[in-house]
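Q: Residues per chain are reported as follows:
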Amino acid sequence: MKKYPIRVIFLLIVALFMYAPILIIAVYSFQDSANIGTLGSFTLKNYVKLFTSPELRDMIIGTILLALISAAIATILGTLGAVGAFYSKKRTNSFISTLNQVPVVNADVVTAFSICILLVVVFGIGKDTYIPLVAGHVTLCAPFVYLSVVPKLKQMDPSIYEAALDLGATPAAALRRIVIPQIASGIISGFALAITLSLDDYFIATYTKPATFDTISTYVVNATKGSYTDIKTALWALSAVIFVIVVVIVVIMNVRGNRAEKERSVR
Amino acid sequence: MPMLKIPFTRKALAIPYAVFLLLFVAAPLVVLFYYAFTNGKGQFTFDNLTGFFSDPNTLGTLLYSFAVALAATAVCLLIAYPTAYFLSKLHLGNKTSVLLIFILPMWINFSLRITALKEILTMIEGNLADFQFINAVIGMTYDFLPFMILPIFNTISKLDGSLLEAARDLGATRSQAFFRVTLPLSMPGVISGVMMVFLPAMTNYVVLDMLYNSTYIMGSLIGSYFAAYNWHGGSMIALILLAIIGIFTLLGQNGSEQEDSRGGALL
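Order-wise, the sequence lines are chains A and B. Each residue of the first sequence is one higher than the one before, counting from 273 in the numbering used here. Each residue of the second sequence is one higher than the one before, counting from -6 in the numbering used here.
One should not assume that every hint holds.
[Claimed, not checked] Listed next, the in silico BS3-like pairs over lysine-lysine satisfying Cα-Cα at most 25 Å (straight line):
1. B:K4 to A:K424
2. A:K361 to B:K88
3. A:K424 to A:K534
4. B:K4 to A:K362
5. B:K88 to A:K534
6. B:K151 to B:K88
7. A:K362 to A:K426
8. A:K426 to B:K151
9. A:K361 to A:K321
10. A:K321 to A:K497
11. A:K424 to B:K151
12. B:K82 to A:K534
If you're looking for bench data, these hints aren't it; they were derived computationally from the structure.
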């Protein structure tokens, strides 16, 4: 590192660009000031507001519930699809993989708009039923679950499944006890990915959500258009909280990942 | 096959997902196509298409989106390539942990990050409306930079070090070795990164909205048609975007990494 001070300085500047806004907001979330640049006095009122306002609480719980429900459905569908397609004929497999690729490369706004037209305009399903919203989020997430399960299926040793059948296991039991455990890491990372995609989504929610329901993204976007300063500063507190949660999760995952790697290399 | 006793087959597991893909991926595209080429009375028409290409406003929006996307992609590339390169050359035991610092922002809700950016830009610039194009590029860069760093880092760190040694042994200077070996071999990562930034930068209009930008990119047109319940006009824009995305995907497929980088760091 001593050899390349310029490289380290460059990396630090990039990290600064990425983190400065969020860190400054985090500092100001403890300030009694609604404008960045003017320092006020220390306060916790933004955090009090964040955790006591029913509007903010409903919006946060709604976002998390939506993410959990759609990620769960997406994980089941995507995993079944990946396993089924893997053992299907080549044509079926490539048909499913191609369709699977569409929401992945497509712009979210196009996906959102097309699902809104089909479900709401053509089929007349009311947005208030939450069906378009959940269907939209599952459409957004399931392809990524599929994509994280497929490589695990390819890495699998096919003879173990055959051996289970030879030893008298039914195909269903062999699938449950041999195949699923071997692809479990792919299913779990697919589920985690689905949750992050759902939490981060703005477009699908905007085009398919009931008018009374808000996710964090749609709420924040609408709040920035308005000028309610107490909501604005409460959202700074939310940013700080989410930042800390993400850092903690990433550090834990990283430490566990390193440990698993070490164990593997010891063996 | 007797109807009553359907034997369990692994292939059959794909059926729910195949049906799901047909319903929520294929059918919306068919409907999009239908709406794009019909008018309010359900008559077939090319008006939406010719309307788009004969209106200077919409054509201007198309060009402006290309300009924003090109600039944002170029800036992202100029920052991301050195970042990924320096990261992969760091003499550290655990590069992945350092990489995570540069990937982590993608897991923080984008609307909160852009809100933070908006506050900082407001402090620096005063009136955001005076710097619309620059702010659009900064916003997109800030939002999508991690998605460019990740695939480039992945390709560079997988490169066979012996190739570089061979180049040096055969008399290449450091920079020659970089430009003739490392750079060409890292192109797949660059192409994936460009795909991850360019297309969203053309469509993710909410980033501009949040930065008080009154300029339109392609996504904004869908948004305004959606707000006006003009499904036919919106479908045509979506279809044009779909065509652009399709062309880019086909062009990029030749060289890009097959793995998907939208949150792929979870693995």
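Q: Now, for every hint given, state plainly whether the structure supports it.
A: Now the hints, each set against the structure:
Taking the CA atoms of B:K4 and A:K424, the gap is about 17 Å. The hint holds against a cut of 25 Å. As the CA atoms of A:K361 and B:K88 are separated by approximately 41 Å, the hinted pair breaks the 25 Å bound. For the hint linking A:K424 to A:K534, the alpha-carbon distance of about 21 Å falls within 25 Å, and the restraint holds. In summary, the hint linking B:K4 to A:K362 is supported, as the alpha carbons are separated by about 11 Å, within the 25 Å threshold.
A threshold of 25 Å between alpha carbons decides the hint, and for B:K88 with A:K534 the separation of about 15 Å falls inside it, so the pair holds. The hinted pair formed by B:K151 and B:K88 meets the criterion: a straight-line CA distance of about 13 Å does not exceed 25 Å. Proximity of A:K362 to A:K426 is assessed by CA-CA distance (about 14 Å); at most 25 Å being required, the pair is judged to hold. In summary, the hint linking A:K426 to B:K151 is supported, as the alpha carbons are separated by about 20 Å, within the 25 Å threshold.
Simply put, A:K361 and A:K321 have alpha-carbon atoms about 57 Å apart, too far for the 25 Å limit, and the pair is violated. Annotation: proposed proximity of A:K321 to A:K497 holds, straight-line Cα distance about 20 Å (limit 25 Å). Distance hint between A:K424 and B:K151 is fulfilled; the C-alpha atoms sit about 20 Å from each other, no more than 25 Å. Of the supplied pair hints, the one linking B:K82 and A:K534 holds, its CA atoms being roughly 22 Å apart against a limit of 25 Å.
Violation of the numbered hints given earlier is confined to hints 2, 9; the remaining hints are satisfied by the structure.
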